[in-house]
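We have chain A; now place chain B onto it with these hints.
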Amino acid sequence: MKKGTPNINKVLPAEILEGILNSLPRKELPSYVEARVLAAVHPVQSKTIMAISRPKQAFQWAALSMAACVFAMLGALMASWVNPASHPGTQTSEHHVDIYDPGLLDYFIE
Amino acid sequence: MSPDQFEQFFRRYKNNLYVYLLRFVEIDDDAQDLLQDSCIAFYKKLDEIKPETAINYMYKIAHNTALNWTKQRRRFLLKPSSDFERIADKPAPKDHYEAVNKAIAMLPSKLARVVHMYYYDKLSYKEISSQTGKSIKAIDSMLNRARTKLRKRIIMHEDGSPMLKS
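Residue numbers (our numbering), protein chains in the order written: chain A, 5 to 114; chain B, -13 to 152.
Next up, chain A with everything else stripped away, as it sits in the complex (with noise of 0.2 Å):
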């Protein structure tokens, strides 16, 4: 037989095959990719949540348009409340008629 030629008739014994089972060598994960996998597996979370959380952020939205839309009119109310162009016969324009009184430059003129 050739030097190097498997010798095929002979069977693994089993206290062998035994041993090497027992004493199959360990070998680790490096860090790096330990982190990859977290990382890789957290989209897939975030994905999850957003999918349960969808109806309740839809609720939220509704509910700050609507909060939006009360201020808007309780501004517009309080606008057209005050405002003086709005309402022409009001203290401030009767005041500013009296500042250019003309009876008053005639006072100081003489």
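Simulated from the structure, these hints should not be mistaken for laboratory data. It is possible that part of the hints are untrue.
Quick look at which bits of chain A chain B covers, simulated, 3 or more residues with Cβ under 8 Å [to be verified]:
1) 28 to 36
2) 69 to 76
Lysine-lysine pairs mimicking DSBU-like chemistry, simulated, CA-CA at most 30 Å apart [said to hold, decoys possible]:
3) Lys14/A to Lys0/B
4) Lys14/A to Lys96/B
5) Lys14/A to Lys112/B
6) Lys31/A to Lys138/B
7) Lys31/A to Lys96/B
8) Lys31/A to Lys30/B
9) Lys14/A to Lys135/B
10) Lys30/B to Lys14/A
11) Lys31/A to Lys112/B
12) Lys57/B to Lys31/A
13) Lys88/B to Lys14/A
14) Lys31/B to Lys108/B
15) Lys112/B to Lys57/B
Note that this is a predicted model, so its numbers are computed, not measured. Ideal Cβ positions, reconstructed from N, Cα and C, are used throughout, including at glycine.
Below, chain B without anything else, positioned relative to chain A:
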């Protein structure tokens, strides 16, 4: 299983899973990619997985991911791997455990998992039984069948080192 439990589970079994996948591939990087794919597949089913059977389920996913990868790789490989070996000036020294590891990867999924859990994870018959949901007697029988299959696939070289039957 909750996301927090997954993180603990992954940190505990990452090396065991990595070694399990290394049997199917030649390069470490491929095993790392397969581990990532397996974890994503596992995570998608997280709600359905019970913590007490999680490791068995994870090995199942890892095994299927690795087999699919091997099939795809075979389809896209231009030349058989033996041609590449001939091109190399000096063949890389073969690991003493390589033949056994390759033979384990060729076992049916259930047997490969049980062998890995018993010999690598060092789990007891009782622990494997609770993980797989099979009786202790069935585990013993599966291990015996696996040993017989391994001995049929591995032959002994003249120098005493084990090698895969071609």
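Structure-based check of each hint:
1. 28 to 36: holds (count 7)
2. 69 to 76: Not satisfied, violated; 0 residues make the cut.
3. Lys14/A to Lys0/B: violated (37 Å)
4. Lys14/A to Lys96/B: holds (28 Å)
5. Lys14/A to Lys112/B: violated (35 Å)
6. Lys31/A to Lys138/B: holds (27 Å)
7. Lys31/A to Lys96/B: holds (23 Å)
8. Lys31/A to Lys30/B: holds (27 Å)
9. Lys14/A to Lys135/B: holds (15 Å)
10. Lys30/B to Lys14/A: violated (47 Å)
11. Lys31/A to Lys112/B: Measuring from Cα to Cα gives roughly 25 Å; hence the hint holds.
12. Lys57/B to Lys31/A: Holds, at roughly 25 Å.
13. Lys88/B to Lys14/A: holds (19 Å)
14. Lys31/B to Lys108/B: holds (27 Å)
15. Lys112/B to Lys57/B: Violated, because 34 Å separates the two Cα atoms, which is more than 30 Å.
Checked against the numbered hints above, the structure breaks hints 2, 3, 5, 10, 15 and satisfies the rest.
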